[in-house]
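2 protein chains.
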Amino acid sequence: MKEEALPNWSAVDRLLHEPARLAIVSILAVVEKADFLYLQHETSLTKGNLSAHLSKLENAGYIQIEKTFKGKMPLTLVSLTEQGRTALDRYLSQMKHWLNQLDQHSQE
Amino acid sequence: MKEEALPNWSAVDRLLHEPARLAIVSILAVVEKADFLYLQHETSLTKGNLSAHLSKLENAGYIQIEKTFKGKMPLTLVSLTEQGRTALDRYLSQMKHWLNQLDQHSQE
DNA sequence: TAAACTAGTTTGTAATACAAACCAGTTTAT
DNA sequence: ATAAACTGGTTTGTATTACAAACTAGTTTA
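Chains as they are written, first to last, in full-length UniProt numbering: chain A, 1 to 108; chain B, 1 to 108.
It is worth saying that the hints were derived from the structure and are not from the lab.
Backbone N, C-alpha and C fix where the C-beta goes; we use that ideal spot for every residue, glycine too.
A couple of the hints might just be wrong.
Claimed, not checked - In silico lysine-lysine, DSS-like type, Cα no more than 30 angstroms apart, as pairs: (1) A/Lys96 / A/Lys70; (2) A/Lys96 / B/Lys33; (3) A/Lys96 / A/Lys56; (4) B/Lys56 / B/Lys72; (5) B/Lys72 / B/Lys96; (6) A/Lys70 / A/Lys33; (7) B/Lys47 / B/Lys70; (8) A/Lys56 / B/Lys96; (9) A/Lys33 / B/Lys96; (10) B/Lys96 / B/Lys67; (11) A/Lys33 / A/Lys47; (12) B/Lys67 / A/Lys96; (13) B/Lys47 / B/Lys67; (14) A/Lys33 / A/Lys56; (15) B/Lys72 / A/Lys96; (16) A/Lys33 / A/Lys96; (17) B/Lys70 / B/Lys96; (18) A/Lys56 / B/Lys56.
To be verified - Pairwise CB distance ranges (calculated): (19) B/Lys47 / A/Leu77: 26 to 34 angstroms; (20) B/Gln40 / A/His97: 18 to 26 angstroms; (21) A/Asp35 / B/Asp89: 36 to 44 angstroms; (22) A/Asp13 / B/Asn8: 18 to 26 angstroms; (23) B/Gln104 / A/Lys72: 24 to 32 angstroms; (24) A/Ala11 / B/Lys70: 46 to 54 angstroms; (25) A/Lys70 / B/Gln104: 53 to 61 angstroms; (26) B/Ile65 / A/Val30: 39 to 47 angstroms; (27) A/Asp35 / B/Ser10: 55 to 63 angstroms; (28) A/Asn59 / B/Lys70: 43 to 51 angstroms; (29) B/Leu75 / A/Asp13: 31 to 39 angstroms; (30) B/Thr76 / A/Leu77: 29 to 37 angstroms.
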């Protein structure tokens, strides 16, 4: 009964929309802190690819990258920032809203 | 109480995942048939860009492109194929599923 | 009959994802 | 002791992609 417009897909956060980064951020939304190798295995991205995506997310302020050591071996810890959490929430609610809009149309 | 895995974002249909094409397909899901200019105005894509996206969707078998005339002027009509409809439904239900998985995690 | 418009397509460019090759250091084998 | 193999990444090169500018073919208007 209410008149719904179509989703405005151009307003999507393309940084999060990329599947590889959604995978990364989904994990970080749950575990709060993850090391590089854990992320690599969970996402099955190559190291290079993962590294590049992490840099983008870091530059956007969505994640924090902490360089530490486990014994003598380097260890990179990654966590979601407040900004990242907010952006993800926004992305998820937008998506849900748009999916609902499409459903309303399809069920006439 | 049920153990949910994280979304498998890599299984997404990247052809549909692209916002510009989601916009196009969202429209076609509703109107069944649209001409080029209507699509251009609704999506606010440039002609070249729209043309390229339509070609991709056509090559994938998701849409059908019908070249006709309105009077003496060329008119391009676009419609969703059965395949395209199926792909969209699949995309939407996957998305919904994944969004729910993330929600379940966030509300612990 | 020239100028401007319609309806697109083709072509060039900039951004992006991705993996291969590389690098600095550590542990293990000889 | 030192070479080989491994860890934990980064840098660099390539192929794909989105995007817009320029072009094309035909039509209507001045």
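**Study point:** Restraint check for A/Lys70 with A/Lys33, where alpha carbons must lie at most 30 angstroms apart
**Key:** Holds - the C-alpha atoms of A/Lys33 and A/Lys70 are around 15 angstroms apart, at most 30 angstroms.
Practice item. Can you let me know if the beta-carbon spacing of B/Gln104 and A/Lys72 is within 24 to 32 angstroms? Key: violated (39 angstroms)
Point to revise | Restraint status (C-alpha distance of A/Lys96 to A/Lys70 at most 30 angstroms) | key: This hinted pair is violated, its Cα atoms lying about 40 angstroms apart.
Review point. So the hint says 18 to 26 angstroms: do the beta-carbon atoms of A/Asp13 and B/Asn8 match that?
Key: holds (20 angstroms)
Check your understanding: Would the pair B/Lys47 and B/Lys70 pass a check requiring their Cα atoms to be no farther apart than 30 angstroms?
Key -> Given pair B/Lys47, B/Lys70 holds - Cα atoms ~19 angstroms apart, limit 30 angstroms.
Review point. Measuring from beta carbon to beta carbon, are B/Gln40 and A/His97 in 18 to 26 angstroms?
Key: holds (25 angstroms)
Review point. Is the distance from the Cβ of B/Ile65 to the Cβ of A/Val30 consistent with 39 to 47 angstroms?
Key: holds (43 angstroms)
Practice item. Please work out if B/Lys72 and B/Lys96 have their alpha carbons no farther apart than 30 angstroms. Key: Answer violated: B/Lys72 to B/Lys96 is near 45 angstroms, above 30 angstroms.
Check your understanding: Honestly, do A/Asp35 and B/Ser10 meet the 55 to 63 angstroms range at C-beta?
Key -> violated (21 angstroms)
Review point. Given the proposed pairing of A/Lys56 with B/Lys56, does the C-alpha separation stay at or below 30 angstroms?
Key: holds (28 angstroms)
Check your understanding: Can the restraint linking B/Lys72 and A/Lys96 be considered satisfied, given a maximum Cα separation of 30 angstroms?
Key -> Given that 30 angstroms is the threshold and the Cα spacing comes to 44 angstroms, the pair is violated.
Check your understanding: Regarding the pair A/Lys96 and A/Lys56, is the alpha-carbon distance no greater than 30 angstroms?
Key -> holds (25 angstroms)
Violated hints, in rising order: 1, 5, 10, 12, 15, 17, 19, 23, 24, 25, 27 and 30; the structure is consistent with all others.
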